[in-house]
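Undergrad: These protein sequence lines map, in sequence, to chains H and U.
Take 1 as the starting number for the first sequence in the numbering used here and just add one per residue.
Take 1001 as the starting number for the second sequence in the numbering used here and just add one per residue.
I should point out that these hints are in silico values taken from the structure, not numbers from a laboratory.
Careful, some of the hints might be misleading.
Claimed, not checked - Think about it this way: if two alpha-carbon atoms lie no more than 16 Å apart in a straight line, the pair counts; the simulated EDC-like pairs of lysine to aspartate or glutamate are:
id: 1; chain 1: H; residue 1: Lys166; chain 2: H; residue 2: Glu126
id: 2; chain 1: H; residue 1: Lys110; chain 2: U; residue 2: Glu1335
id: 3; chain 1: U; residue 1: Lys1192; chain 2: H; residue 2: Asp103
id: 4; chain 1: H; residue 1: Lys2; chain 2: U; residue 2: Glu1335
This is what each chain is made of:
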Amino acid sequence: MKNFISLFFIVFAGIAISWFGLLVVGANSLSPSEEFETTMVVAGDDVIITGHEGLAARGEQVYRALACAACHTQQVRRPGYGGDFERAWGSRQSVARDYMLQDTVVLGTKRLGPDLTNVGARHDAEWFFKHLYNPGSLSEVSNVPSYSFLFTEREMSDGNSSNSLKLEGNDIPEEGFEVVPTDDAVALVAYLQSLNLDYDLPESKRIK
Amino acid sequence: MESSLTQSGTSAIDSSAKAPVLVYLFSALKWLFFASIFGYLASWKTHNPEFLNGWSFLTVGRVQAVYTTAFVYGFGCNIAFGMGLWLISRLSGESLRYTIVLIIAAFVWNIALTVGLVGIFMGHLNAFEFLELPSYVKLPLLLASLVVSVWGLLTFKNRKNADVFASEWYLLAAFLVFPWIQVVTQVMLFTKPAPGVVQALVASWVASNLVWLWFGSIAVAGLYYLIPKLLGKQILGYGLAKIGFIVLIFAGSWMGAAKLVGGPLPAWMITSGIAASLLMIIFFSITGINLFGTVWKHRSRICDNGILLFVGFASLALILSGIGVLLVSLRGFAEVTQFTIFLDAHRFLILYGVFSMTMFALIYYSFPKLLGREWAMDFMISTHFWIAFIGILLVVVPLAIGGWQQGAAMSDASVPFADIVRHASYWMVSRSMAWIFLTIGHLCLILNVLATLRPECEAIVEELTRTEDTSAGGVES
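Using the sequences and the hints given, assemble the complete structure.
TA: Here it is, written out as structure tokens:
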């Protein structure tokens, strides 16, 4: 390895092989295709895998912009490997096909909060809004950031707006005021609601 | 290595390298200071997210991204560029040419990075670890690093020394790999995003190669250079070094997928990552014997040389991170440690314990040579070391123990989630304490640099006050 060309070639070959073997081959084998389709019939039901569309797609951007993935993952490991299944984070393992049409896949690497792959099945919109506004108002929690800057407090004109939060305790705004979510909060909650694993795939069926 | 060169040859090389290397060094130190503040803040906010939380730009995730980016691309890359160029020109016995281009590249890099950090504050960040920088600054960053790489490669190609030393293989690898992984990031994640989970695979591949083939290679190059220089002794078992290098290039580049164990990816990908991590035993054993073995053999000499302390510690940390790589790639072990702060401990051990400590050693070694002047506060070198040492222990040990507990509790569904988080945060407080030590260490280095540059600083101050005087119509003394 005394020669520039041979050294250059060794390093180039090393990185090229791993790039091609892992990433290029991987990308080819996991693209939507005939063997790897997104619309199929499983046990008599139509299953259509979707990405995030409309409001939820905007919410995905908010999720990224607020870096929620610093504490949350979106992947359910198989039953028996870790406690994902026992913690009811999903009733089946999440598999490659589930993510196929998502624009950005945020599997995440850290679980300082629960996994969110199936969180849409666990809570409704009102819960999500309250959780983002003040997580402590819903349960005994520690270390959960509030995202109250996603909401505005404003003077009520003509009674409560339909989208104002139904707050309790210390969170109740002053008389004549109400707390309403911003567009970002609405989009983010639409995204969270869309996170759902409530369908079966041939390679991963729900365990009841 | 440089034995064939005369003293004047070496100093001609150093004087050609002085300007660009110092520009990269000063940029690195500036970012190190910035990253210290955000490292502390990011750490604090992970166990106390309500602290300074009223604004979106200071939300936990963004502060963490700012810290990582400033540390990795600000301190890490600038210092790797500077020290990499200095090493390659010294080892090749060849001056750096057209250095103005390197200086322009440094400005491009740092301006683009500043814009990128503002972008992160504003929420234009990506969700992939280490790749948070907004995609609009990626092109200038790529161009700047390409300049450094091409200069490094050409300096090596035109070398005067016939002998090629282990450091040079690693430097060459680093210079080649870094632009490559940037192109892959840009193309496969942003320009034409890969389908579905392949994005996670790409991100993992890039992150792992950034850590091992870029920062790791530069660090190993630095250690191979410094150890024989400082001890005046040959590397133990140097004949094996070549095998270690080949293993890093061909197996190390596959390790990324191991991180995704249990994830929604085809099994063969994960298995390839695990197999590669196991093969890396060869790399870690050989470099361990070469580097730490040599230092250990002459351990009686360590205490009278502050730089050797850094180097000895970094070589030991390399072995320990190697053990970490093996452990976290094993399925049974990863079942517990995956997604926990254990991985933070491991990351930190590599990026700080191995890479940064080696870079500090290189700074302490090269700066006086570049300047032709001794350190103003020589005693501060070992002070810096011991403070950094405490800081590293306070990060790595508690996070490793706490991470293991966190993972074990997470697998046991009878433990309420809130309890797990609360327990993990006790351990994370230790990391915040550590940042105070680390920051003091960084200040030792920065103050030492400033004190050594005192004549220049005074000249600048004088220059400034003189112009002020004249503009104010003051009387000339």
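Undergrad: All hints are to be evaluated individually against the structure, with a verdict given for each.
TA: So, going through the hints one by one against the coordinates:
1. Lys166/H / Glu126/H: Distance ~8 Å between Lys166/H and Glu126/H Cα, so the pair holds.
2. Lys110/H / Glu1335/U: Judged against 16 Å, a Cα distance of about 13 Å means the pair holds.
3. Lys1192/U / Asp103/H: Distance ~11 Å between Lys1192/U and Asp103/H Cα, so the pair holds.
4. Lys2/H / Glu1335/U: Since the Cα atoms of Lys2/H and Glu1335/U sit roughly 44 Å apart, the hinted pair is violated (cutoff 16 Å).
In terms of the numbered hints stated before, the structure departs from hint 4 and from no other.
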